[in-house]
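Residue numbers (our numbering), protein chains in the order written: chain X, 9 to 168; chain Z, 9 to 168; chain D, 9 to 168.
Hints are computed from structural coordinates only; laboratory data are not their basis. One thing to keep in mind: the hints can contain errors.
One copy or any two copies: either way a pair holds, since identical chains are not told apart in the list.
SDA-like mimics (lysine to any residue), calculated; alpha carbons at most 20 Å apart, straight line [stated by the list, open to error]:
#1 K14 - H119
#2 K66 - N107
#3 K124 - M69
#4 K163 - M72
#5 K104 - R70
Since the model is a prediction, treat every value here as computed from it, not as a measurement.
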Amino acid sequence: MAEKEKLTIVVFSGELDRALSAFILATTGASMGMEVTMFFTFWGLNIIKRNEGGIRSKGLMRKMFNFMNRGGSKRLKISRFNMFGLGTWMIKRLMKDINMPSLDQFITMAHQMGVKMIACTTTIGLMGLSEDSFRSEVTSLAGAAYFLGEARESKVTLFI
Amino acid sequence: MAEKEKLTIVVFSGELDRALSAFILATTGASMGMEVTMFFTFWGLNIIKRNEGGIRSKGLMRKMFNFMNRGGSKRLKISRFNMFGLGTWMIKRLMKDINMPSLDQFITMAHQMGVKMIACTTTIGLMGLSEDSFRSEVTSLAGAAYFLGEARESKVTLFI
Amino acid sequence: MAEKEKLTIVVFSGELDRALSAFILATTGASMGMEVTMFFTFWGLNIIKRNEGGIRSKGLMRKMFNFMNRGGSKRLKISRFNMFGLGTWMIKRLMKDINMPSLDQFITMAHQMGVKMIACTTTIGLMGLSEDSFRSEVTSLAGAAYFLGEARESKVTLFI
Chain X
9 MAEKEKLTIV
19 VFSGELDRAL
29 SAFILATTGA
39 SMGMEVTMFF
49 TFWGLNIIKR
59 NEGGIRSKGL
69 MRKMFNFMNR
79 GGSKRLKISR
89 FNMFGLGTWM
99 IKRLMKDINM
109 PSLDQFITMA
119 HQMGVKMIAC
129 TTTIGLMGLS
139 EDSFRSEVTS
149 LAGAAYFLGE
159 ARESKVTLFI
Chain Z
9 MAEKEKLTIV
19 VFSGELDRAL
29 SAFILATTGA
39 SMGMEVTMFF
49 TFWGLNIIKR
59 NEGGIRSKGL
69 MRKMFNFMNR
79 GGSKRLKISR
89 FNMFGLGTWM
99 IKRLMKDINM
109 PSLDQFITMA
119 HQMGVKMIAC
129 TTTIGLMGLS
139 EDSFRSEVTS
149 LAGAAYFLGE
159 ARESKVTLFI
Chain D
9 MAEKEKLTIV
19 VFSGELDRAL
29 SAFILATTGA
39 SMGMEVTMFF
49 TFWGLNIIKR
59 NEGGIRSKGL
69 MRKMFNFMNR
79 GGSKRLKISR
89 FNMFGLGTWM
99 IKRLMKDINM
109 PSLDQFITMA
119 HQMGVKMIAC
129 TTTIGLMGLS
139 EDSFRSEVTS
149 LAGAAYFLGE
159 ARESKVTLFI
């Protein structure tokens with residue numbers, strides 16, 4: 009049996025627009041029969057943080073940092089014209105208007121389609137995040153070597 | 009006859025500096041004999057909007073959004089030091105000074121060199137853009153599946 | 009003897025967070041036995057500018073531009089939450105706290121591991137930078153055609 013072609017996406021950015029782009033590509037790739045891995049690092053971890061409850065971390069500075077950088081798919085902002093939330097609200101309205109899934113729904117869909125979602129251990133260590141900061145759809149935690157291993161075997165690799 | 013090697017570029021960003029980088033790579037690739045496809049999505053659509061006339065769209069919210077987000081190669085700003093247009097003006101002066109083509113000229117050159125420029129249908133639907141919003145150099149409209157199809161056959165794929 | 013697999017990274021961005029991500033991937037790739045090339049362009053050149061002394065350039069406008077855009081690994085800011093330097097200071101503290109190398113140390117490590125660091129001639133011309141603007145770790149200067157030549161032979165190519 010032929011091996012599936014692989015698509016690997018590093019999601020570095022934590023804005024709503026880039027997150028949507030990453031998930032549209034990931035779910036489209038999966039629907040085309042590709043084996044898709046998303047590797048979330050730095051601000052990208054915000055996309056896959058739980059929306060509910062608080063995010064625990066140790067030490068004053070990490071608590072402060074994670075308070076500012078709370079994340080969660082429902083809290084992300086667009087990278088331009090956010091204007092205290094107005095632009096983000098407009099984009100979400102426009103998405104509903106054309107029946108595009110929300111980012112939250114895209115994450116669930118991606119999971120159901122077998123997209124692997126990996127959270128970067130280096131960033132987790134840096135930001136002092138506990139493992140229970142993430143949504144249940146997250147497959148596992150891994151480092152840069154894991155990503156490069158996947159990328160080496162991929163037909164398409166993107167850094168978003 | 010050997011097939012041409014492919015270069016595929018997703019242009020997600022709409023800033024002048026990233027647009028220039030995308031077109032320098034696209035035209036260089038074409039001059040090296042590569043088959044180049046540029047796939048413009050989200051803010052990247054601003055690069056290939058007509059500079060002249062208005063952009064039509066339906067509904068109050070889309071009209072407002074497209075008014076803010078007018079786009080056109082001559083209206084783009086650099087991503088840093090824009091400072092109410094000063095930095096953008098400086099970069100354009102520095103470009104002229106070393107006889108670098110303007111972004112507008114790069115788009116024409118790319119077209120003449122056979123670079124395919126595709127506008128993303130999902131973003132067009134989201135932003136409610138009419139087909140006549142785009143320059144004549146744009147080859148066609150297509151979705152994420154088209155892009156991934158091209159990317160799978162490409163030697164180099166970039167997300168800018 | 010088998011050829012080494014190649015990893016090629018365009019470093020377009022000049023923020024601390026993206027620079028760190030680029031060097032973590034570059035050094036990880038090198039440690040996995042890959043042949044790594046980093047191609048620094050536009051704001052990315054700031055990462056590999058000398059930290060010490062002034063940066064010379066010709067003409068008033070270029071002097072002004074390079075004064076604003078001084079660069080150097082120790083001067084870079086993070087892309088979010090910089091807040092007049094507070095966020096950048098916090099990230100650097102968090103890095104020390106988990107014994108992560110500084111960006112400066114990453115650059116030295118990458119060099120020692122054989123990572124090739126190339127500075128983009130087009131940007132150097134545009135910004136009017138003298139060759140002595142760069143750190144000693146920089147391997148050479150080259151243009152977009154050089155990058156695409158490397159990318160064509162690479163297993164993984166990223167645009168950061």
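Cross-check of the supplied hints:
For a Cα distance limit of 20 Å, the shortest separation of K14 from H119 inside one copy, 16 Å, qualifies, whereas the shortest one across copies, 31 Å, does not. Only between protomers do K66 and N107 lie at most 20 Å apart by alpha-carbon distance; the minimum there is 16 Å, versus 41 Å within a single protomer. Taking the shortest Cα distances, K124 and M69 never come within 20 Å of each other, neither inside one copy (31 Å) nor across copies (36 Å). Neither within a single protomer nor between protomers do K163 and M72 lie at most 20 Å apart by alpha-carbon distance, with minima of 40 Å and 40 Å respectively.
In the homo-oligomer, the alpha carbons of K104 and R70 lie at most 20 Å apart only across protomers (13 Å), although the nearest pairing inside one protomer, at 36 Å, exceeds that limit.
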